[in-house]
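Enquirer: Residues per chain are reported as follows:
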Amino acid sequence: MNKCVERLHNGIIKENPTLVLMLGMCPTLAVTTSAINGLGMGLTTTVVLALSNMIIAALRNIIPDKIRIPAFIVIIASFVTMMQLLLQAYIPSLYKSLGIYIPLIVVNCIILGRAEAYAYKNPILPSFFDGLGMGLGFTISLTIIGLLREFIGGCSVFGHELSLFTPIAIFKMAPGAFFVLALLTAIQNQVKLTGEKKGRDVSKIQSGCGSDCMQCAVGDCKDRVMAADNEKEEA
Amino acid sequence: MSDMMNVSSNPHIRSKVSTDKIMLCVVLALLPAAGFGVWNFGLNALWQILLTIAACVISEALYELFMKKKLTIFDFSAVVTGLLLALNMPPAAPLWLGPMGGVFAIIVVKMLFGGLGQNFMNPALAARCFLLISFPGIMTNFECDAYTGATPLATLKAGGSVNVLNMIIGRTSGTIGETSMIAIVAGACILLLLGIIDLKIPGSYIITFVIFYGLFGGHGFNSYYISAELAGGGLMLGAFFMATDYVTRPVTKLGQIVFGVILGILTGIFRIFGASSEGVSYAIIIGNMLVPLITRFTAPKPFGRGGERI
Chain C
1 MNKCVERLHN
11 GIIKENPTLV
21 LMLGMCPTLA
31 VTTSAINGLG
41 MGLTTTVVLA
51 LSNMIIAALR
61 NIIPDKIRIP
71 AFIVIIASFV
81 TMMQLLLQAY
91 IPSLYKSLGI
101 YIPLIVVNCI
111 ILGRAEAYAY
121 KNPILPSFFD
131 GLGMGLGFTI
141 SLTIIGLLRE
151 FIGGCSVFGH
161 ELSLFTPIAI
171 FKMAPGAFFV
181 LALLTAIQNQ
191 VKLTGEKKGR
201 DVSKIQSGCG
211 SDCMQCAVGD
221 CKDRVMAADN
231 EKEEA
Chain W
236 MSDMMNVSSN
246 PHIRSKVSTD
256 KIMLCVVLAL
266 LPAAGFGVWN
276 FGLNALWQIL
286 LTIAACVISE
296 ALYELFMKKK
306 LTIFDFSAVV
316 TGLLLALNMP
326 PAAPLWLGPM
336 GGVFAIIVVK
346 MLFGGLGQNF
356 MNPALAARCF
366 LLISFPGIMT
376 NFECDAYTGA
386 TPLATLKAGG
396 SVNVLNMIIG
406 RTSGTIGETS
416 MIAIVAGACI
426 LLLLGIIDLK
436 IPGSYIITFV
446 IFYGLFGGHG
456 FNSYYISAEL
466 AGGGLMLGAF
476 FMATDYVTRP
486 VTKLGQIVFG
496 VILGILTGIF
506 RIFGASSEGV
516 SYAIIIGNML
526 VPLITRFTAP
536 KPFGRGGERI
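Residue numbers (my numbering), protein chains in the order written: chain C, 1 to 235; chain W, 236 to 545.
Pulled out of the complex, with its shape left as it was, chain C reads as follows (with noise of 0.2 Å):
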């Protein structure tokens, strides 16, 4: 159980998928409009992380080598329609405000990358609680965005209009988007760099693996990715 808590922390805060990985901009610049907008778009994608990481780690011993990422897909790619269905259905509303970007989750680089680097290689319980972190961590810095760009833009908390100043609209725009992530993403590597002076090991937070190859005592994934890069070298 305790390797569970670990996964969960280590997807919202440790590598915390949009502002410490950097994974999933796509959503996370286009849909955050609004605060409501950021938690559904961060929660849909949480049920599909969690469940098609459950199901691929499941499946894991069956699944060959070569073809996993198709595997990988249609796994992920039922769970998004399923989603889709279900939010058409039951929040109308919801659907049609996130639109296109719904059926896109298939290829939000999150899933699959954590069905690569966690669940193809994990069992069922801590990828399961694997994606359950990494899906909050995405909806919560999610929520943020859009609440701050909700606020600023627009002059409303989750869709409660106040009337306490001038919206600036540009922050309801692409733009916007841009200027809220940059500011998030600087606070997060400035709260890490003075842990860093204090004298804390930070050294576990880091963006994604980034560690070579050759000194990685943890990961399996070592031995597949020097098979690609000998196959490479002899094409």
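The reader is advised that the hints may include incorrect statements.
Said to hold, decoys possible - The calculated lysine-lysine pairs, modelled on DSS-like cross-linking and capped at a C-alpha distance of 25 Å, are:
{"#": "1", "chain 1": "C", "residue 1": "LYS14", "chain 2": "C", "residue 2": "LYS198"}
{"#": "2", "chain 1": "C", "residue 1": "LYS197", "chain 2": "W", "residue 2": "LYS303"}
{"#": "3", "chain 1": "C", "residue 1": "LYS197", "chain 2": "W", "residue 2": "LYS305"}
Simulated from the structure, these hints should not be mistaken for lab results.
Following the hints, complete the assembly by docking chain W onto the known chain C.
Expert: Relative to chain C, chain W alone:
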């Protein structure tokens, strides 16, 4: 002979020209346009100019203080940015609007990219476009105490007629500093005589625009329409003071001419085919982003390169 033995590393020849002197000259050259704006539109314009400049200088100082960097506010570049931005504001805009744009120009466009010399687009224009997108209602409302109704360019676009002489003098509605062609050209002449700017960018910009307008504007090379298009809007202010910004223009001679031609075509496209009657700001910041490419393709050949190998 003893002087000849004095060994030192380069540079050996130093000019007395420095950043702060050039920036001060630009401020002086902008004063006619600013003064005319204040006389034309009243005290609100003066407050807008002063507050915008103050916001630019203070935000630059605070950023450098906070980030423990060298204080650079005495090179007057923040003053130029603030003044240019204020000259691009509508005269009746609320007084918090200019300072807000100033903070955006200095912090986001200039300082976050590394300060003067590192910004990839003109801070004043980027801030104007920021305000234009954020507050389209306020930024395109040119009604004030002195004038009501649309700007001359908007009137012209809607098919109305304008008084070209008033436009050249500047007795029309518009942003604070863009209306008077005479004041702007007088200021530009100071810079041209001092050698701070040359005619490569403004010249190619204006000539290209005139040709483009003549070909596609629907009125042919009609002197009434062409002079109205030249005198109206921000074309003169943009061509002489903003397109020639040292940081955001190409450094090669050929590149500067290419830059001017691109600006002329873009302005023509925006004015003739766009929904708005004005497009100088967008043309210049899009041109700014093409500058690295232009510089790369117009770099002169180093001595000894090229030609046939023997």
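Enquirer: Could you run down the list of hints and mark each one as holding or not?
Expert: Hints versus structure:
1. C/LYS14 x C/LYS198: Measuring from Cα to Cα gives roughly 17 Å; hence the hint holds.
2. C/LYS197 x W/LYS303: Holds - the C-alpha atoms of W/LYS303 and C/LYS197 are around 17 Å apart, at most 25 Å.
3. C/LYS197 x W/LYS305: Measuring from Cα to Cα gives roughly 24 Å; hence the hint holds.
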